[in-house]
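Engineer: Listed below are the residues making up each chain.
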Amino acid sequence: MSERATLLGVRDLHVHIGESHIRQGVSFDVREGGITGLLGRNGVGKTTTLRGILGMVPRTGSVTLAGEELVRSRTHDIVRHGVGYVPEDRDVFAGLTVEENLRLAERSGSPLRYDLVYELFPELKARAAQKAGTLSGGQQQMVSLARALLNAQNRLLLIDEPTKGLSPLYTRNVADALRRAAEVATILLVEQNLRVAQALVGDVIVLDQGRVAFTGRVEELMDDPALTRKHLGLATTESH
Amino acid sequence: MSTIALLTITGVGLGALYFLVAAGLSLIWGLMRVLNFAHGAFFTVAAYGGWVAATAVPGNLWLQWLVGLLVAVLSGALFATLTEVVLIRPLYARPVGQVLVTVGLALATVALVQGGFGNDPKTLTLPAWMNATTAVLGADIPNTRWIVIGAALLVLGLLLFFLRRTRYGLIVRAGVENRAMVEALGIDVQRAFTLVFAIGGAAAGLAGWLAGAYYGTIDPVRGSAMLIFAFIVVVIGGLGSVVGSAIAAVVVGILQQYLNFYGAAGVGDFAVVLLLAGVLLIRPGGFAGAAA
Numbered sequence: 001m002s003e004r005a006t007l008l009g010v011r012d013l014h015v016h017i018g019e020s021h022i023r024q025g026v027s028f029d030v031r032e033g034g035i036t037g038l039l040g041r042n043g044v045g046k047t048t049t050l051r052g053i054l055g056m057v058p059r060t061g062s063v064t065l066a067g068e069e070l071v072r073s074r075t076h077d078i079v080r081h082g083v084g085y086v087p088e089d090r091d092v093f094a095g096l097t098v099e100e101n102l103r104l105a106e107r108s109g110s111p112l113r114y115d116l117v118y119e120l121f122p123e124l125k126a127r128a129a130q131k132a133g134t135l136s137g138g139q140q141q142m143v144s145l146a147r148a149l150l151n152a153q154n155r156l157l158l159i160d161e162p163t164k165g166l167s168p169l170y171t172r173n174v175a176d177a178l179r180r181a182a183e184v185a186t187i188l189l190v191e192q193n194l195r196v197a198q199a200l201v202g203d204v205i206v207l208d209q210g211r212v213a214f215t216g217r218v219e220e221l222m223d224d225p226a227l228t229r230k231h232l233g234l235a236t237t238e239s240h
Numbered sequence: 241m242s243t244i245a246l247l248t249i250t251g252v253g254l255g256a257l258y259f260l261v262a263a264g265l266s267l268i269w270g271l272m273r274v275l276n277f278a279h280g281a282f283f284t285v286a287a288y289g290g291w292v293a294a295t296a297v298p299g300n301l302w303l304q305w306l307v308g309l310l311v312a313v314l315s316g317a318l319f320a321t322l323t324e325v326v327l328i329r330p331l332y333a334r335p336v337g338q339v340l341v342t343v344g345l346a347l348a349t350v351a352l353v354q355g356g357f358g359n360d361p362k363t364l365t366l367p368a369w370m371n372a373t374t375a376v377l378g379a380d381i382p383n384t385r386w387i388v389i390g391a392a393l394l395v396l397g398l399l400l401f402f403l404r405r406t407r408y409g410l411i412v413r414a415g416v417e418n419r420a421m422v423e424a425l426g427i428d429v430q431r432a433f434t435l436v437f438a439i440g441g442a443a444a445g446l447a448g449w450l451a452g453a454y455y456g457t458i459d460p461v462r463g464s465a466m467l468i469f470a471f472i473v474v475v476i477g478g479l480g481s482v483v484g485s486a487i488a489a490v491v492v493g494i495l496q497q498y499l500n501f502y503g504a505a506g507v508g509d510f511a512v513v514l515l516l517a518g519v520l521l522i523r524p525g526g527f528a529g530a531a532a
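Just so you know, the sequences run in chain order C and P.
Start counting the first sequence at 1; every next residue gets the next number (the working numbering).
Start counting the second sequence at 241; every next residue gets the next number (the working numbering).
Note that these hints are calculated values from the structure, not bench results.
Check before you lean on any hint, since a few could be wrong.
[To be verified] Covered stretches of chain C (in silico footprint by chain P; criterion: 3 or more residues with CB under 8 Å from a CB of chain P, positions within the stretch not fixed):
hint : stretch
1    : 80 to 89
2    : 93 to 99
3    : 184 to 195
4    : 200 to 214
From the three backbone atoms N, C-alpha and C, an ideal C-beta is built for every residue, glycine too.
Using the sequences provided together with the hints, build the complete structure.
Structural biologist: Here you go:
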């Protein structure tokens, strides 16, 4: 790996949901720039890890952003340090219009990237007055990505399965948007579609059985069938 | 015809009172998922706060009444804000604790008011115009009905303006749908919680004072009685929906008035419970579903 500074540092992250101890002591770094893939079999806890980083679930350990400790901060405060989040289920506000969804994401004191957002997703401008709940899945994903990209202050984007359930056309659009987004922010990407992941990510972190099983370059992982079979299982045979 | 006019306008007036209590209750539930059994206490404390202030003002009855109104609204908002900050905030992750603490606060408030002011109703001295009536279709409608209805329409308009035209309103509407995602956009939902509690408390306080004008007296337990019907209105209207609450409040108020008049006393109240059961069976999300 080249010598890029660590932007996100996760150390000994434990996540508790109810009585369950979901994530047990995960540690990894995300280097500044580009797209880092967070991979692993279904149910291994990738989404929980992202939610743990953001403080959306009770957790302990250490989460640093550019060296600043955030594990005791609340979610909105962590986000205000420059983190954008695209959840697995998009979570657009169905009763609000597209324009209202974007306006809600605006943060005072942060320059806004409406030009970039509308360059990547021109459809959103045309549908500004439409209720987000009436959009297709692909269009909702655009809204969700646009909200995370909107604030120029956001230097880290946590993006959870952005191509899940999308048509090939929208999958290509989202992949193109992620490539462009990686020019302005560092991305930690959870992606089950290995073809997409392979095309986009540089560094990878593989989770298996509640711990980090592999870190390195994506080529190292993909060039080793034994490694992919062991840690990604059936996911290696997925075709989209 | 005059009876119908009287029953309808009185029913709308009663619905207006229900709406003022239910609007805050609905927003508090929609945004925060807090079942606030202390909402009736806001109504009661505000009514007595207004009464104390009004009786301290010498002279002009309109001035007394308006001072009482202002103090009632402010004391409702203040009491609600303190309740949220001191009692509810530490219990956001513990719904059972919220129910226990708000029920306890409601009971304690009634007991404290009874201890301080006695069980007997306090009579409000109203300006002469409020004690007069206006003829509509042959019916003499007490003028207090117009004031209650006008205030409810004003509050409905202000709430809709707040929800649809301000950033905090946008946050509340989004928070009703998905609180966690609002927080994940970098917004401190906690502030919106406090604001919604304050607005709900102010509206309940207004209801407490206007109910004094509507009934001619204030007493320690009316807030609890209003709360029961306000809960029914919130469920029928759709949890989290202000417009749904307004429609449901008018339906409930008119239904009660007609059936209590044409049936035996209490039939109207029973019919409201039947209406609730029917709505829950046919349309569990209420008239409007969950949308502020």
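Engineer: Confirm or reject each hint.
Structural biologist: Here is how each hint holds up against the structure:
no.: 1; hint: 80 to 89; in the structure: holds (count 3)
no.: 2; hint: 93 to 99; in the structure: holds (count 4)
no.: 3; hint: 184 to 195; in the structure: violated (count 0)
no.: 4; hint: 200 to 214; in the structure: violated (count 0)
The structure fails hints 3, 4 (numbered hints given earlier, in ascending order).
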